[in-house]
Amino acid sequence: MWARRAIRGMTVRSGLAAEGDNGLMLGPHSAGMPESAILVPVPEAEPVVGTLRARLDRSAARGVPAHVKVLYPFVAPHQVSAAVIATAAAAVASVPSFDWQIASTDWFGEDVVWLAPEPAGPFRALTAAVHEAFPQCPPFAAKTV
48 MWARRAIRGM
58 TVRSGLAAEG
68 DNGLMLGPHS
78 AGMPESAILV
88 PVPEAEPVVG
98 TLRARLDRSA
108 ARGVPAHVKV
118 LYPFVAPHQV
128 SAAVIATAAA
138 AVASVPSFDW
148 QIASTDWFGE
158 DVVWLAPEPA
168 GPFRALTAAV
178 HEAFPQCPPF
188 AAKTV
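Under the numbering used here, the first residue of the sequence shown is numbered 48, with each subsequent residue one higher.
Calculated directly from the structure, the hints in this document are not laboratory data.
One or more hints might be untrue.
Claimed, not checked - Dumping the calculated EDC-like pairs for lysine to aspartate or glutamate here, alpha-carbon to alpha-carbon at most 16 Å:
hint : residue 1 : residue 2
1    : K116      : E165
2    : K116      : E82
3    : K116      : D153
4    : K116      : D104
Unchecked claim - Ranges of calculated distance between the beta carbons of each label pair, as one might list FRET restraints:
hint : residue 1 : residue 2 : range
5    : R102      : P143      : 31 to 41 Å
6    : A163      : A129      : 32 to 42 Å
7    : A129      : E82       : 15 to 25 Å
8    : F187      : L99       : 11 to 21 Å
9    : R109      : F187      : 13 to 23 Å
10   : D146      : Q126      : 32 to 42 Å
11   : R109      : D153      : 16 to 26 Å
Yeah, the Cβ is synthetic: ideal placement off N, Cα and C, and Gly gets one too.
Construct all of the structure, not just a fragment, from the sequences and the given hints.
Listed below in structure tokens is the structure:
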């Protein structure tokens with residue numbers, strides 16, 4: 048196990064995650080960013096997956112930290128507003144706090160390495176809650192960041 052933390056009193060905010068942030072991030076949505084996502088940042092994973100991310104993950108070059116995706120793709124970056132963030136925060140707040148860990152990685156095909164959270168159920172609940180609030184954003188549609 049190389050990453051373990053509790054998600055308590057989750058917050059959703061825009062921009063990149065600060066080190067030690069236990070909340071979710073909606074990011075990135077700065078000028079020139081083609082898409083947005085809701086993520087749980089896992090900076091502790093960078094020493095383990097950073098080299099692979101640098102080679103395989105375009106979002107790493109854009110400053111997106113190692114993460115567990117909650118919902119991707121999310122709304123178009125120019126649509127991210129205070130109201131969107133508030134709606135996402137309410138959806139996230141509907142899921143009870145939980146403890147979790149990253150004990151392993153896995154692969155989607157040969158091009159995508161992913162962090163496998165344990166337990167996975169609460170992350171599925173987060174995805175379902177945010178998707179319910181944003182039905183126009185189907186989870187993991189078409190491609191991955």
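Cross-check of the supplied hints:
1. K116 x E165: Between K116 and E165 the Cα gap is close to 14 Å, so the pair holds against 16 Å.
2. K116 x E82: With Cα atoms ~13 Å apart, K116 and E82 stay inside 16 Å; holds.
3. K116 x D153: holds (14 Å)
4. K116 x D104: It holds: about 13 Å lies between the C-alpha atoms, which stays within 16 Å.
5. R102 x P143: 31 to 41 Å: holds (37 Å)
6. A163 x A129: 32 to 42 Å: holds (34 Å)
7. A129 x E82: 15 to 25 Å: holds (20 Å)
8. F187 x L99: 11 to 21 Å: For F187 and L99 the Cβ distance comes to about 19 Å; the hint holds.
9. R109 x F187: 13 to 23 Å: About 19 Å separates the Cβ atoms of R109 and F187, which means 13 to 23 Å holds.
10. D146 x Q126: 32 to 42 Å: For D146 and Q126 the Cβ distance comes to about 33 Å; the hint holds.
11. R109 x D153: 16 to 26 Å: holds (23 Å)
Consistency with the previously given hints is maintained throughout, with no hint failing.
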